[in-house]
Amino acid sequence: MFVKTKAFMESKLVLDNDIQQIPQLAEFIDGIAEQAGLDMSVSMSLNLAMEEAVSNVMLYAYPQGSKRQVQIDATVQDGTIKFVISDSGIPFDPTAKQDANIDLSVEDRPIGGLGIYMVKQIMDTVNYEYKDGKNILTLTKSIK
Amino acid sequence: MEVTITQTEQSMTAKLVGRLDTPSSQEVSQKLEPLMENADKELILDCTEMSYISSSGLRILLTLRKQAAAKGGKVVILNINDEIRQVFMMTGFLNLFEIKNA
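In order, the protein sequences belong to chains A and B. Take 22 as the starting number for the first sequence in the working numbering and just add one per residue. Take 26 as the starting number for the second sequence in the working numbering and just add one per residue.
One should not assume that every hint holds.
As the list claims (entries may be wrong) - Some chain B residues near chain A, calculated using beta-carbon distances under 7 Å: (1) S79; (2) S80; (3) R90; (4) E108; (5) M115; (6) T116.
Claimed, not checked - Quick list of the computed label-pair ranges, beta carbon to beta carbon: (7) D37(A) / T33(B): 42 to 48 Å; (8) A127(B) / Q119(A): 34 to 40 Å; (9) I30(B) / G52(A): 33 to 39 Å; (10) P112(A) / M61(B): 33 to 39 Å; (11) K152(A) / A95(B): 42 to 48 Å; (12) A127(B) / S32(A): 38 to 44 Å; (13) T31(B) / D94(A): 42 to 48 Å; (14) D37(A) / V101(B): 38 to 44 Å; (15) M61(B) / R89(A): 30 to 36 Å; (16) E74(B) / Q41(A): 19 to 25 Å; (17) Q56(A) / G97(B): 47 to 53 Å; (18) Q32(B) / D94(A): 46 to 52 Å; (19) G97(B) / F113(A): 37 to 43 Å; (20) T73(B) / S62(A): 15 to 21 Å.
No lab work stands behind these hints, which were simulated from the structure alone. No residue lacks a Cβ here, since even glycine has one placed at the ideal position from N, Cα and C.
Same shape as in the complex, but just chain A (with noise of 0.2 Å):
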């Protein structure tokens, strides 16, 4: 059977900094996944790093109760995918944030910090930038 997958695709999506509005961005990822063909396993990676990253910027970017929003770009070409997640909250960046010690003790471990370090993780490459106002985190993945 010929299958043919598409070389080049790209989509965005803009989203509320409502953390409600999750379930939106997990069938965003779905779509793109199953359009570029990837495997339930790479899938379900690519959503975990993105709700990561993205209710992040939903929680922590702008004032409570303050309604913004937040834009995800993802590109999928030669072989990778690429999410550019935007926000123009207050600058932050998350990749400066000492990774996690998984290899503490019950009582040692810390409640939180797991977020970005499973970014990071499942990603290949995670870069920030502040620019013009703007919060970018540039997220990549080889998925040949």
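Given the coordinates of chain A, assemble chain B onto it according to the supplied hints.
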């Protein structure tokens, strides 16, 4: 996410059905309050029908685990799927929990 709690004299079981993601985590945390209060017993989390977990769900599991460690109880996790096992591996949670797969 659906949470159903059952109990015996020595243990309390919560069956978790669906996605344990950021939007559902606050509600799940509230629903698991009875387990927090019984952390001196055996706490069983039946994850047979849990499809997904993110860091907000991991926080809940770790909070329970810490509470059990402090009160002398234990936490047993039943049946996690391959994707969730991957998340547990990535975060070192495999070493923190007793996991039983049927």
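These are the hints, each one checked on the structure:
{"no.": "1", "hint": "S79", "in the structure": "holds, 5 Å"}
{"no.": "2", "hint": "S80", "in the structure": "holds, 4 Å"}
{"no.": "3", "hint": "R90", "in the structure": "holds, 6 Å"}
{"no.": "4", "hint": "E108", "in the structure": "holds, 5 Å"}
{"no.": "5", "hint": "M115", "in the structure": "holds, 5 Å"}
{"no.": "6", "hint": "T116", "in the structure": "holds, 5 Å"}
{"no.": "7", "hint": "D37(A) / T33(B): 42 to 48 Å", "in the structure": "holds, 44 Å"}
{"no.": "8", "hint": "A127(B) / Q119(A): 34 to 40 Å", "in the structure": "holds, 38 Å"}
{"no.": "9", "hint": "I30(B) / G52(A): 33 to 39 Å", "in the structure": "holds, 36 Å"}
{"no.": "10", "hint": "P112(A) / M61(B): 33 to 39 Å", "in the structure": "holds, 37 Å"}
{"no.": "11", "hint": "K152(A) / A95(B): 42 to 48 Å", "in the structure": "holds, 46 Å"}
{"no.": "12", "hint": "A127(B) / S32(A): 38 to 44 Å", "in the structure": "holds, 40 Å"}
{"no.": "13", "hint": "T31(B) / D94(A): 42 to 48 Å", "in the structure": "holds, 46 Å"}
{"no.": "14", "hint": "D37(A) / V101(B): 38 to 44 Å", "in the structure": "holds, 39 Å"}
{"no.": "15", "hint": "M61(B) / R89(A): 30 to 36 Å", "in the structure": "holds, 34 Å"}
{"no.": "16", "hint": "E74(B) / Q41(A): 19 to 25 Å", "in the structure": "holds, 22 Å"}
{"no.": "17", "hint": "Q56(A) / G97(B): 47 to 53 Å", "in the structure": "holds, 52 Å"}
{"no.": "18", "hint": "Q32(B) / D94(A): 46 to 52 Å", "in the structure": "holds, 48 Å"}
{"no.": "19", "hint": "G97(B) / F113(A): 37 to 43 Å", "in the structure": "holds, 40 Å"}
{"no.": "20", "hint": "T73(B) / S62(A): 15 to 21 Å", "in the structure": "holds, 19 Å"}
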